[in-house]
Amino acid sequence: MTKAPTILQVIPWLDSGGVERGTVDIAAAITSSGGKALVAAEAGRLLPELEAVGGRLLPLKGLSKNPLRILFSNAKAIERMIREEGVDLVHARSRAPAWSAYIAARRAGVPFVTTYHGAYSQKGRLKAFYNSVMAKGDIVIANSHYTARLVIGRNPDAENRTMTIHRGVDMDLFDPQKISDERIQALRSKWELDARPVMILPSRLTRWKGQSFIIPVMGALKKAIGPTFQLLLIGDEQGRESYVAELDRLIAEHDVADCVSRVGHCKDMPAAYALATMVIVPSQDAETFGRSAAEGLAMGKPTLVGDLGAQPEVVAPPMDVTPEQWIASVIAHDDAKGWQEAIAQTLTMPEAKKQQVAPVARNLIEACFSLKSMGQQTLAVYDQLLGCDLADRYGAER
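In terms of this note's numbering, the sequence shown opens at residue 127 and continues consecutively.
Hints are computed from structural coordinates only; laboratory data are not their basis.
Where is the CB? At the ideal position from N, CA and C, for every residue including glycine.
Just to be clear, a hint being listed does not mean it is correct.
[Said to hold, decoys possible] Simulated restraints, written as ranges between beta carbons of each label pair:
{"id": "1", "residue 1": "L197", "residue 2": "E477", "range": "52 to 58 Å"}
{"id": "2", "residue 1": "L252", "residue 2": "P476", "range": "53 to 59 Å"}
{"id": "3", "residue 1": "P476", "residue 2": "E211", "range": "55 to 61 Å"}
{"id": "4", "residue 1": "R251", "residue 2": "D301", "range": "44 to 50 Å"}
{"id": "5", "residue 1": "D384", "residue 2": "E211", "range": "53 to 59 Å"}
{"id": "6", "residue 1": "R182", "residue 2": "N286", "range": "30 to 36 Å"}
{"id": "7", "residue 1": "Q510", "residue 2": "Q471", "range": "42 to 48 Å"}
Let the hints inform the model, and build the full structure from the sequences given.
As structure tokens, then:
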């Protein structure tokens with residue numbers, strides 16, 4: 127291919143979240159390498175960031191309680207986009223729009239790539255068929271080794287088309303040396319924090335992310351060591367009013383209103399990590415990557431995760447570091463006592479140990495889970511299918 131390629135990514139909604147963030151990150155990699163980055167989705171919070179990196183949104187109805195109703199109309203819309211915009215490759219990242227994108231790409235005769243972001247419940251043949259579109263890519267990208275095993279286990283025919291590209295952390299953005307005291311103090315003031323150690327649980331408010339599990343743990347911890355800590359639940363409600371009400375009831379029931387706060391969406395997550403004493407990610411279902419854990423380690427913070435999904439592979443210590451020397455721990459996801467003990471132990475971790483191991487943690491994320499690595503490998507997938515050189519040009523730009 128002699129011309130710079132045009133890549134169309136397809137997602138439901140360009141709002142906050144791991145899928146959406148990855149979409150913008152890859153758009154930036156495409157444009158920095160001379161390609162044209164388009165995203166078909168409903169507009170959302172990340173639209174200004176997409177435009178800032180040189181990408182362009184093509185409006186598509188992505189949100190619907192009845193995805194079948196819009197599947198075929200979206201397929202026609204995406205096919206029209208492909209032809210009108212000269213799209214060379216379609217990259218789908220979510221199931222409902224992926225079906226539309228798959229139909230459109232096959233009709234238009236362009237390569238089709240998928241990224242498998244979620245574990246996806248697979249109860250029954252209909253659900254299995256619905257999920258199967260994410261394994262229909264000419265190349266199927268899994269965002270962790272855990273996800274790759276899941277994809278191949280469910281879709282053996284995709285084994286030779288599946289490859290792992292871990293999600294990427296922006297090492298420039300999540301750099302403790304670049305976070306000013308003013309940014310940190312702005313958050314401390316906004317959230318009315320005092321001098322006690324601060325734990326953060328950065329995840330959207332949904333049951334499987336573990337907020338309702340961890341609040342009783344905080345209650346037990348308070349009884350054991352007193353109200354000597356603060357926990358911030360950072361994340362969007364996303365319309366889950368009954369769950370939010372449940373969290374508030376649990377906070378009152380376990381008498382931790384002086385220790386646990388819901389603070390909503392945070393626009394400056396690097397500063398949130400910077401002010402934190404530790405990061406906890408007590409997911410009660412499998413994470414297919416573990417972005418919060420990777421970001422926490424990139425910021426050099428002690429990080430506690432559950433034992434499900436890909437999180438253990440993200441926080442595993444380097445070969446030359448023992449578990450005793452490391453600042454990350456894996457706890458059985460449903461072991462309340464284990465979480466209480468791990469948090470209490472981490473609260474007393476010597477500052478010297480944190481400072482000694484923090485650079486090692488950052489180097490691990492840089493080597494294995496960086497934005498640069500994700501961008502390079504994803505562009506190489508496009509190059510393989512299109513015969514272009516985006517990855518080489520991306521490397522030169524970086």
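Hints versus structure:
Our hint of 52 to 58 Å for L197 and E477 holds, since their Cβ atoms are close to 55 Å apart. For L252 and P476, the hinted distance range of 53 to 59 Å is satisfied, since their beta carbons lie about 54 Å from each other. About 56 Å separates the C-beta atoms of P476 and E211, a value consistent with the hinted range of 55 to 61 Å. Take R251 and D301: their Cβ atoms lie about 48 Å apart, and the range 44 to 50 Å holds.
Checked against the hint of 53 to 59 Å, the C-beta distance between D384 and E211 comes to roughly 55 Å, which is consistent with it. The beta-carbon spacing between R182 and N286, approximately 34 Å, falls within the hinted interval of 30 to 36 Å. Restraint check, Q510 to Q471: a C-beta distance of roughly 46 Å satisfies the suggested window 42 to 48 Å.
When each numbered hint is compared with the structure, no violation occurs for any of them.
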